[in-house]
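Novice: Protein sequence lines, in the order shown, are assigned to chains A and B.
Numbering that gives the first Met the number 0 puts the first residue of the first sequence at 0, with every later residue one more than the last.
Numbering that gives the first Met the number 0 puts the first residue of the second sequence at 0, with every later residue one more than the last.
Don't take every hint at face value.
Here's a subset of chain B near chain A, in silico, CB distances under 7 Å, partners left out [claimed, not checked]:
hint: 1; residue: Asp178
hint: 2; residue: Thr186
hint: 3; residue: Thr248
hint: 4; residue: Leu325
hint: 5; residue: Ala328
hint: 6; residue: Lys332
hint: 7; residue: Val336
Each computed DSS-like pair below joins lysine-lysine, with the alpha-carbon atoms no more than 25 Å apart [said to hold, decoys possible]:
hint: 8; chain 1: B; residue 1: Lys8; chain 2: A; residue 2: Lys284
hint: 9; chain 1: B; residue 1: Lys331; chain 2: A; residue 2: Lys332
hint: 10; chain 1: A; residue 1: Lys193; chain 2: B; residue 2: Lys331
hint: 11; chain 1: A; residue 1: Lys37; chain 2: B; residue 2: Lys284
hint: 12; chain 1: A; residue 1: Lys286; chain 2: B; residue 2: Lys369
hint: 13; chain 1: A; residue 1: Lys24; chain 2: B; residue 2: Lys284
hint: 14; chain 1: B; residue 1: Lys24; chain 2: B; residue 2: Lys37
hint: 15; chain 1: B; residue 1: Lys369; chain 2: B; residue 2: Lys116
hint: 16; chain 1: A; residue 1: Lys193; chain 2: A; residue 2: Lys286
hint: 17; chain 1: A; residue 1: Lys262; chain 2: A; residue 2: Lys284
hint: 18; chain 1: A; residue 1: Lys193; chain 2: B; residue 2: Lys8
Just so you know, the hints here were simulated from the structure itself, not pulled from any lab data.
Quick reminder that beta carbons are idealized off the backbone N, C-alpha and C, glycines included.
Protein chains: 2
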Amino acid sequence: MNELTINLKTNSATPLYEQIYDYIKNDIQSGRIPYGEKLPSTRSLSGYLEVSRSTVELAYEQLLSEGYIESRPCRGFFVSEIEELYYLKRAEPQTGRRRAEQRSYRYDFTPNGVDLKSFPYNVWRKLSREILTDDRTELFRSGDSQGEYSFRSAICSYLYQARGVNCTPEQVIVGAGNDYILMLLSTVLGPGLKVAFEDPAYMQAYRLFKSLSYETVSVGMDRSGMCISQLAGAEADVAYVTPSHQYPTGTVMPIGRRLELLKWAQEREDRYIIEDDYDSEFRYKGKPIPALKGYDADGKVIYLGTFSKSIAPAIRLSYMVLPEPLLDAYNKKSRFVNSTVSKVDQLIVQRFIEEGYYERHLNKTRALYKSRHDVLIEELRPLLDICSISGEHAGVHLLLTFRNGLMERELIERAAKRDIRVYGLSDYMIQGTKETSRTVLLGYANLTEEQIKEAVRILADCWR
Amino acid sequence: MNELTINLKTNSATPLYEQIYDYIKNDIQSGRIPYGEKLPSTRSLSGYLEVSRSTVELAYEQLLSEGYIESRPCRGFFVSEIEELYYLKRAEPQTGRRRAEQRSYRYDFTPNGVDLKSFPYNVWRKLSREILTDDRTELFRSGDSQGEYSFRSAICSYLYQARGVNCTPEQVIVGAGNDYILMLLSTVLGPGLKVAFEDPAYMQAYRLFKSLSYETVSVGMDRSGMCISQLAGAEADVAYVTPSHQYPTGTVMPIGRRLELLKWAQEREDRYIIEDDYDSEFRYKGKPIPALKGYDADGKVIYLGTFSKSIAPAIRLSYMVLPEPLLDAYNKKSRFVNSTVSKVDQLIVQRFIEEGYYERHLNKTRALYKSRHDVLIEELRPLLDICSISGEHAGVHLLLTFRNGLMERELIERAAKRDIRVYGLSDYMIQGTKETSRTVLLGYANLTEEQIKEAVRILADCWR
Chain A
0 MNELTINLKT NSATPLYEQI YDYIKNDIQS GRIPYGEKLP STRSLSGYLE VSRSTVELAY
60 EQLLSEGYIE SRPCRGFFVS EIEELYYLKR AEPQTGRRRA EQRSYRYDFT PNGVDLKSFP
120 YNVWRKLSRE ILTDDRTELF RSGDSQGEYS FRSAICSYLY QARGVNCTPE QVIVGAGNDY
180 ILMLLSTVLG PGLKVAFEDP AYMQAYRLFK SLSYETVSVG MDRSGMCISQ LAGAEADVAY
240 VTPSHQYPTG TVMPIGRRLE LLKWAQERED RYIIEDDYDS EFRYKGKPIP ALKGYDADGK
300 VIYLGTFSKS IAPAIRLSYM VLPEPLLDAY NKKSRFVNST VSKVDQLIVQ RFIEEGYYER
360 HLNKTRALYK SRHDVLIEEL RPLLDICSIS GEHAGVHLLL TFRNGLMERE LIERAAKRDI
420 RVYGLSDYMI QGTKETSRTV LLGYANLTEE QIKEAVRILA DCWR
Chain B
0 MNELTINLKT NSATPLYEQI YDYIKNDIQS GRIPYGEKLP STRSLSGYLE VSRSTVELAY
60 EQLLSEGYIE SRPCRGFFVS EIEELYYLKR AEPQTGRRRA EQRSYRYDFT PNGVDLKSFP
120 YNVWRKLSRE ILTDDRTELF RSGDSQGEYS FRSAICSYLY QARGVNCTPE QVIVGAGNDY
180 ILMLLSTVLG PGLKVAFEDP AYMQAYRLFK SLSYETVSVG MDRSGMCISQ LAGAEADVAY
240 VTPSHQYPTG TVMPIGRRLE LLKWAQERED RYIIEDDYDS EFRYKGKPIP ALKGYDADGK
300 VIYLGTFSKS IAPAIRLSYM VLPEPLLDAY NKKSRFVNST VSKVDQLIVQ RFIEEGYYER
360 HLNKTRALYK SRHDVLIEEL RPLLDICSIS GEHAGVHLLL TFRNGLMERE LIERAAKRDI
420 RVYGLSDYMI QGTKETSRTV LLGYANLTEE QIKEAVRILA DCWR
């Protein structure tokens, strides 16, 4: 082949070399230039196309790099043999399918709500600006895979003061949310374990362990929390618990049960307890219940904490405290995994804690949620002849269990007809079903006092 | 028991109710108040201690919540039976052990470097400030688990223009770094698969799949990349490849080999290819090599991209493009996993791309790296009688293979004695060992042209 008639567009945004490259590539792909064909020399093609020789050379080099042509010394450029050429078809774009939007309700008693109006935007913006100004290159260099040491130290101080947990920064691992932290933990613990969950449970963790291919088992609860006798019979390796405020029932695990649980873990060297301390900050009677981890003298408790619940859901920042016996495994098997939280975010939250903003924010939201909580309890009073309230001393939701014959499904449906969303306890049950539940959850973090009053009046009307 | 002599400190920062609670709790824990003992009534204790009755009530309520005491109707408060009381000892803080600092070198030719001086701090700060000002509550509400739709759309446009990849936002999943993305992918793919790696390999991914308990197999490479005949014999389910620029050898997989690889995947319904397109942005001859994903007409290629390499390591932002056949599995098994990237960071990078800053930043760093690359090649020229250069057309490192009898270990040691760090190819080998390698890696992203000149002169001296 001595010439290639390429219609070059000199005023195009595509460089000339790229037009030549595209033309020849398409001809090879379509089979118009067959395998083994010799391409014109760069000199002859540049003369023919009236472009510089380096333009043609650049086009040939690109074809060479991508394997369309090959260079034979002293002979020139030849089309490569591409055995699977018949296979060469461009991937077409998939048709876009946006998922259906969820129905929105006038009043949504979501138990996962957070009041974002009280989020300290100005402080956040200020800290963010200061950090981006102060520190320059260091801030964007890759950080410690475990999380910044100074940030982990701040977490330790907070845990000691607020949760009675004694730990060192070496035991703390920072990550982008609980789900990720549990994924990372699974690489530390290794596969093939059986994980026991409270039932009803924090389903997000239950589903996560299932998706990580762990065997799971549900253990019933009595009024002190997870039943240890059932747990002992379940042959589990790990127990996932929420002792300070069981999710979703709100049960507080009393000291006796906590010690029984620790004793269960103590019986075998490779047994562990995962303590998910997800919302210990919000307690309305007395002071927060101390963490189980505070009594973990034998290194059996893996403690999980999060700022997503206490600051804002979009702050993807959780951490775990590994007990001493798991640190070796972490260092050997999982320490190489890069951190999932940017240094900027770690430093913002660190200063948020150290400069007292976190405590102030917690006090403010606790007071806010307490008022909403009190209004909700007050408004529910006229309904207490047909239902009872439980789990109301902490967190941001409570449970209503009905005695007037209405089942969960109907309670939800009647509320939905009046544009109010309430949540069924059965959503959190591993063994139970919708058919037997008479309990709904009402979260109040997201609603104003006025909205709560108005919504409960409607609920009282439709549930009678 | 009718009285408890508690030495209350009225001027203490600890509230009175908490002092009472602490005192009684300690006495129960130490066994000084035995099981079954009746506590004084709230009225009598408040009279005795000269505090308000509600103060004592609050202390008792806290003890009640934590399970230290129980209330018997019409009889009063009694110390609970806590069977495991002997077990109750506070966890002591572990002794802090900071890990040893790594040795630092005068010149470090790390292949993982990024020039952070060219990071557009002012733009970043501006975007960050604008985003935190514009949008308020929405920004801190929990986001789409897959990543924000608008951000995923921006990624699609970028992939189409820059990498020849056609995909929809529904196929894109955003996450905090490659390691996390691979963890998430493992929940989509499920357990029990065998993953094939190029050898030498990107060890971070290799170690990650091992830590996720996958069986792994290494497949040799020839000058076109992974050997398909070896791959075919390896009985792998997934092949992990870096076709546009093999890490660490720099090989570009030619079109023929790419099609063979696609054909391998096509042979069985559950075979997939993971294309890690980690640094396609940096190519110094012609235009970037198109992504393998661009030819994936049958939904066999899982594409991985990252902004950590092209913007800054501390930006924890990667993404994967799932082929259509895996979307169902993702939606069923893994979509519930919360996003690991804050909305703020997603919006900053989205605007960084959409407003043209990303392209400008890439052009700027590409030019910068190209100059350093050219200087390094030029300075190495006098050494070409004892070694040869490879993998130099793209990325931010090149390889030197020695013919003068020096082994990798000695090359590294001699350089270290002169305070220069170079990296052995054997660090990336799955099968190979230090004993046979004569190749070192020199990364240049982190060093100025002057530093490169100076360091190579020293290296030339010590490697002769």
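Novice: Could you run down the list of hints and mark each one as holding or not?
Specialist: Okay, the hints, checked on the actual structure:
no.: 1; hint: Asp178; verdict: 5 Å, holds
no.: 2; hint: Thr186; verdict: 4 Å, holds
no.: 3; hint: Thr248; verdict: 15 Å, violated
no.: 4; hint: Leu325; verdict: 12 Å, violated
no.: 5; hint: Ala328; verdict: 10 Å, violated
no.: 6; hint: Lys332; verdict: 5 Å, holds
no.: 7; hint: Val336; verdict: 5 Å, holds
no.: 8; hint: Lys8(B) with Lys284(A); verdict: 22 Å, holds
no.: 9; hint: Lys331(B) with Lys332(A); verdict: 29 Å, violated
no.: 10; hint: Lys193(A) with Lys331(B); verdict: 22 Å, holds
no.: 11; hint: Lys37(A) with Lys284(B); verdict: 23 Å, holds
no.: 12; hint: Lys286(A) with Lys369(B); verdict: 61 Å, violated
no.: 13; hint: Lys24(A) with Lys284(B); verdict: 17 Å, holds
no.: 14; hint: Lys24(B) with Lys37(B); verdict: 14 Å, holds
no.: 15; hint: Lys369(B) with Lys116(B); verdict: 16 Å, holds
no.: 16; hint: Lys193(A) with Lys286(A); verdict: 34 Å, violated
no.: 17; hint: Lys262(A) with Lys284(A); verdict: 29 Å, violated
no.: 18; hint: Lys193(A) with Lys8(B); verdict: 49 Å, violated
Hints 3, 4, 5, 9, 12, 16, 17 and 18 from the list above are not met by this structure, while the remaining hints are.
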